[in-house]
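Going by the working numbering, the first residue of the sequence shown is number -3, and it counts up by one from there.
Hints listed in this document are in silico derivations from the structure and should not be mistaken for laboratory results. Possibly wrong hints are sitting among the right ones.
To be verified - FRET-style restraints, in silico, Cβ to Cβ:
| # | residue 1 | residue 2 | range |
| --- | --- | --- | --- |
| 1 | Val24 | Met121 | 14 to 22 Å |
| 2 | Trp144 | Glu108 | 44 to 52 Å |
| 3 | Asp155 | Ser70 | 30 to 38 Å |
| 4 | Lys130 | Glu164 | 28 to 36 Å |
Said to hold, decoys possible - Okay, derived cross-link-like pairs now, DMTMM-like style, lysine to aspartate or glutamate, Cα gap no bigger than 20 Å in a straight line:
| # | residue 1 | residue 2 |
| --- | --- | --- |
| 5 | Lys60 | Glu129 |
| 6 | Lys165 | Asp74 |
| 7 | Lys16 | Asp48 |
| 8 | Lys85 | Glu68 |
| 9 | Lys54 | Asp143 |
| 10 | Lys54 | Glu3 |
| 11 | Lys137 | Asp156 |
| 12 | Lys54 | Asp156 |
| 13 | Lys(-1) | Glu127 |
| 14 | Lys54 | Glu128 |
Built from N, CA and C at the ideal position, the CB exists for glycine as well.
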Amino acid sequence: MHKIMVELHQDHIHLSRLLKMLDRHVKVLQNDGDPDFMMMIDIVEYIRNYSDFYHHPKEDHVYKVYKSSVNEGSHIVDGLLNEHQQIPKVTVAFQQLLDGALNGSIIISRAELSERISNFIDIQMNHLNVEEEKLFPLINKTMTSGDWVKVEAQIKDKDDPLFGNTVEKDFEDLLHMIEN
-3 MHKIMVELHQ
7 DHIHLSRLLK
17 MLDRHVKVLQ
27 NDGDPDFMMM
37 IDIVEYIRNY
47 SDFYHHPKED
57 HVYKVYKSSV
67 NEGSHIVDGL
77 LNEHQQIPKV
87 TVAFQQLLDG
97 ALNGSIIISR
107 AELSERISNF
117 IDIQMNHLNV
127 EEEKLFPLIN
137 KTMTSGDWVK
147 VEAQIKDKDD
157 PLFGNTVEKD
167 FEDLLHMIEN
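Assemble the whole structure, with the sequences as input and the hints as a guide.
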């Protein structure tokens, strides 16, 4: 497996972990508890700053090179590339919802809020699952070293701001919550 695919897979593991944390807060809401909105907002901020602005564009480069050399799974690639255009909009809307619920500018029932959080999680997890279960195996099986040279020429390295070598200040609190 090429190092870029290892990195993308690792990003998926981290994102799944964060989505599971969000899911635990859905259960807190459903049981009339008080979820940690600041932690949820930090998770969404990470998704916007890393997944939407770096991880997905990195995948886009891989997918486009893959599609240019292999026909197999082209409909999957097209669907994922389309989702990479839609998911950032979903993330921004979700972030606005959480901000509004926290500051009181949006009045929403617990049931509706928990449903909207669950929908956000489902969108993210369904996307990850298609990549991991359907497309990544095809890419790993068929892309050549020449394909990877093309991909590497288009990608700029960026350290993960939460799980990377240096944690960005904005994500230090979230990292401490994850570790605990």
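Now for the hints, and whether the structure bears them out:
| no. | hint | in the structure |
| --- | --- | --- |
| 1 | Val24 <-> Met121: 14 to 22 Å | holds (19 Å) |
| 2 | Trp144 <-> Glu108: 44 to 52 Å | holds (45 Å) |
| 3 | Asp155 <-> Ser70: 30 to 38 Å | holds (32 Å) |
| 4 | Lys130 <-> Glu164: 28 to 36 Å | holds (32 Å) |
| 5 | Lys60 <-> Glu129 | holds (18 Å) |
| 6 | Lys165 <-> Asp74 | violated (36 Å) |
| 7 | Lys16 <-> Asp48 | holds (18 Å) |
| 8 | Lys85 <-> Glu68 | violated (29 Å) |
| 9 | Lys54 <-> Asp143 | holds (14 Å) |
| 10 | Lys54 <-> Glu3 | holds (10 Å) |
| 11 | Lys137 <-> Asp156 | violated (26 Å) |
| 12 | Lys54 <-> Asp156 | holds (13 Å) |
| 13 | Lys(-1) <-> Glu127 | holds (16 Å) |
| 14 | Lys54 <-> Glu128 | holds (15 Å) |
The structure is inconsistent with the numbered hints 6, 8 and 11, although it conforms to all the rest.
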